[in-house]
Amino acid sequence: MEAIRATFFQECEELLADLETGLLAMEEGQGDSETVNAVFRAVHSVKGGAGAFGLDGLVRFAHVFETTLDGVRNGELEVEASLVALMLRCADRLSDHVSAAKVGESLDPDGDQDLIKQLEAFCVAEEAGEAGELDLPIAFAVVPLSIGDAPEAFTPLVASTEAGPAEWRIEFKPHATLYANANDASVLLRELARLGELRVELNADALPGLDTLDVFGAYLSWTLWLTTEKAEADIRDVFEFVDGDCDLTIRGPGANDTVDIAVTSTPDIGDGDRDLIPASAGPLEGEMSLQDLLAMARGASSDTAEAEAAAESVIATEPRVLKEPSPQVSESANAPSAKSAGKATDVAQPTIRVDLDRVDRLIDLVGELVINQAMLAQQVHEAGLARSGNIALGLDDLEQLTREIQDSVMAIRAQPVKSVFQRMPRLVREVASMTGKSVRLVTEGEGTEVDKTVIERLSEPLTHMIRNAVDHGLESPEARVAAGKPAEGVIRLAALHRSGRIVIEVSDDGKGIDRARVRSIAIERGLIEPDAVLTEEEVDNLIFAPGFSTASAVSDISGRGVGMDVVKRSIQALGGRISITSIPGKGSTFTLSLPLTLAVLDGMVVSVGDHTLVVPITVIVETLQPKPVDVRSLGPHATVLAVRGSHVPLIDVGSAMGFRPDPASGSGVTILVESELGGLAALRVDSIQGQRQVVIKSLEQNYDQVPGIAAATILGDGRVALIVDVDGVIALRRQTATRPTLLDKAS
Amino acid sequence: MPAASDLKVLIVDDQQTIRALVRAGLKDIGVTDIEDAVDGEAALNVLLSNRRNLIISDFNMPNLDGLGLLRAVRIAPQLKAIAFIMLTGRADTALLQRAQQFGVNNYLVKPFTVATLREKIEQVFGPLT
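Going line by line, the protein sequences match chains A and B. With our numbering applied, the first sequence corresponds to residues 1 to 747, in that order. With our numbering applied, the second sequence corresponds to residues 1001 to 1129, in that order.
To be clear, the hints were calculated from the coordinates, so they are not data collected in a lab. Where hints are given, some of them may not hold.
Taking lysine to aspartate or glutamate and the EDC-like style, the derived pairs with C-alpha atoms no more than 20 Å apart in a straight line are [stated by the list, open to error]:
no., chain 1, residue 1, chain 2, residue 2
1, A, 485, A, 531
2, A, 230, A, 191
3, A, 230, A, 214
4, B, 1080, A, 234
5, B, 1080, A, 247
6, B, 1008, A, 505
7, B, 1008, B, 1036
8, B, 1027, B, 1006
9, A, 230, A, 197
10, A, 173, A, 292
11, B, 1027, A, 105
12, A, 586, A, 529
What the simulated footprint calls covered on chain B by chain A, stretch by stretch (three residues with Cβ under 8 Å from a Cβ of chain A suffice, anywhere in the stretch; the number is not a length) [claimed, not checked]:
no., stretch
13, 1036-1049
14, 1065-1078
The C-beta atom is built at its ideal place from N, Cα and C for all residues, glycine as well.
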């Protein structure tokens, strides 16, 4: 029961999402009858499941909601904006009910009263107490059956209606496989003979001469006349175990309306379409194909008067369809119905639920495989075997396959961002009603896929950003109208793939960032000097600075900035970047760029002293070979590098990480990186080994957190390489730079 | 007296929860041969290749609803003798009258207990062992 309960809540989440999606479509005026039906069904299903778990409060509320939706469905209620808005609030309330039930609580029914009253204002309420008295006694005559009746159902009409014995003509041609599977044609014939009177005619025309005879071949076929009272199903049962190993045609009694039934499963048995309707269930005489059935059944599936009429007309034509002379049903004629059956199942898109641990274990193993493959390639190369054509080709194939397996396995964890996006409309509604603003949320690219973990950890920062956009980005309706804009503000939430990363944009058409205000707050909080000269971009980025805003400052900040440093940190923790562009009076756009997966990373492999490190490609701007004249020292622990007219801090990775006591002298290579905290920085390393994709191995899980190191990986030669956390390294260097006296004393 | 273990049941409901609940209830009764389908169309697909003697189907489903499925089953000569129990959210007289016109054998109102499920099946097939 616990498992079913878990299923119920999981299903509720999907249903509530469908409900909201449907209601939003109705709000946009796109609610066709199928949408309304889906919305109704969602509430109905939540109610149905809830009833089974005794969630009475939920059921009562859902019932009133459902009744209103039923009115909409029947066309008794007009779909007007105020009703849809009310239903959206009801959907939120229903969602709250489900959330409460999930943790074993129930909401105060008084909280429903307001919504229930409003719903009831739209439609005449049903008699009270209906939720408690669902199983009302009604006039219903049970139609009894015996279990034995049912299998009869599979007997074709012809056999079941005709009295007395009938003669069947059976063509039976065994394939070689029949004998190979240790079946014996003569045994089958003997069994047939038990059903009635059997006449046997052997056809040996295909039998070759002894010189060309294949002793394992099948050359004989039989034509059999069986007179029996038994049904066709019984005849077929005899051949049950050789199904697919023979050509079998059974012609029913009666000369004109005979139907060939092809039970043959010729070598195309592997064809997926055929497997859907096994040959034994093919169109027997008097039977109907799925297509026919569906066509007829649909007429009865709706409740409206027109459908009723349609159903009647179907009934009227029914005899014609049934009595129509059956065409010779051969395998080719059989194919279309099997095809349509195939399509029907395609639509359902079968899925399986897999334990996440299993997927992660698989990803881990594939990671090992990638490393193993790289090691193998390197060893082959070192052994000087790589020149040999076949080994090189084999290795290339292996690498290609490994890559593909890795991509496919990663794709298992990928999910569309829809699951996060669909929580946002409700948030926008809530914040809009709290702040008295009129807001429309537009989402794009909901189908864009990204790793499950990224999605899960995206929810919180995105919530922050959307809330800020409504609260601080958009103006009040009056201010908007005064500025010549529509009273309704627009928030756009979009996702797209760009160069191997996912980009998420949150934009508003509000007033943009008030740079003067941001500047004065930054000065007030000591983030910048009062006389600092900053570009517009730098001013905008101040809102991400730690300490720029605190929660208590929510109400008095006219610009953006509530907890944006928190947002930035959580995005960075995902290996992502965030940036902002803003145009005064026109609005602001926040752009998030995130890796598609957290399991692999493209990195630059570098040497520092005896160590091999990996610098993530995403942070690298360029690599430089600086001239000595460009390097300037600002005291013993701070060095800057002149890059095209500006100065960036130069960090010797070796000394910052403690690999060597002092910065290395001599040349080396400098990698210009983009830091999330303070613009550009230059990292000095000894040499660059190359660029490659590496599998990320968590250091925290296997060892402990190390400042300046994000994770580890294993290289092709089996060595462990540490992946540099660029911001961490910069922070390390700042620590040493701010403690010069201490270090000086020590040395 | 028919044995519950002889029953070959097809559960049709778009909701996994309900399918699981009916399945669990049937297992309690002693039914072992259980198939399920997510809507009427999927149900027909199962029925055309798989012998069943009882269908327990929800009414409101996408694609092809319970009434449509019932209609299809009663039209098809090879399926017409299969017992049909309709699952409904409430005792909707109008709906059940229509279902009766189309030849439903019995109905079952959600939520139901295992005892009710058994009772509804026994009303159709007689006492189960």
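Hints breached by this structure | Checked against the structure, the hints that fail are numbers 1, 3, 5, 6, 10, 11, 12, while the rest are satisfied.
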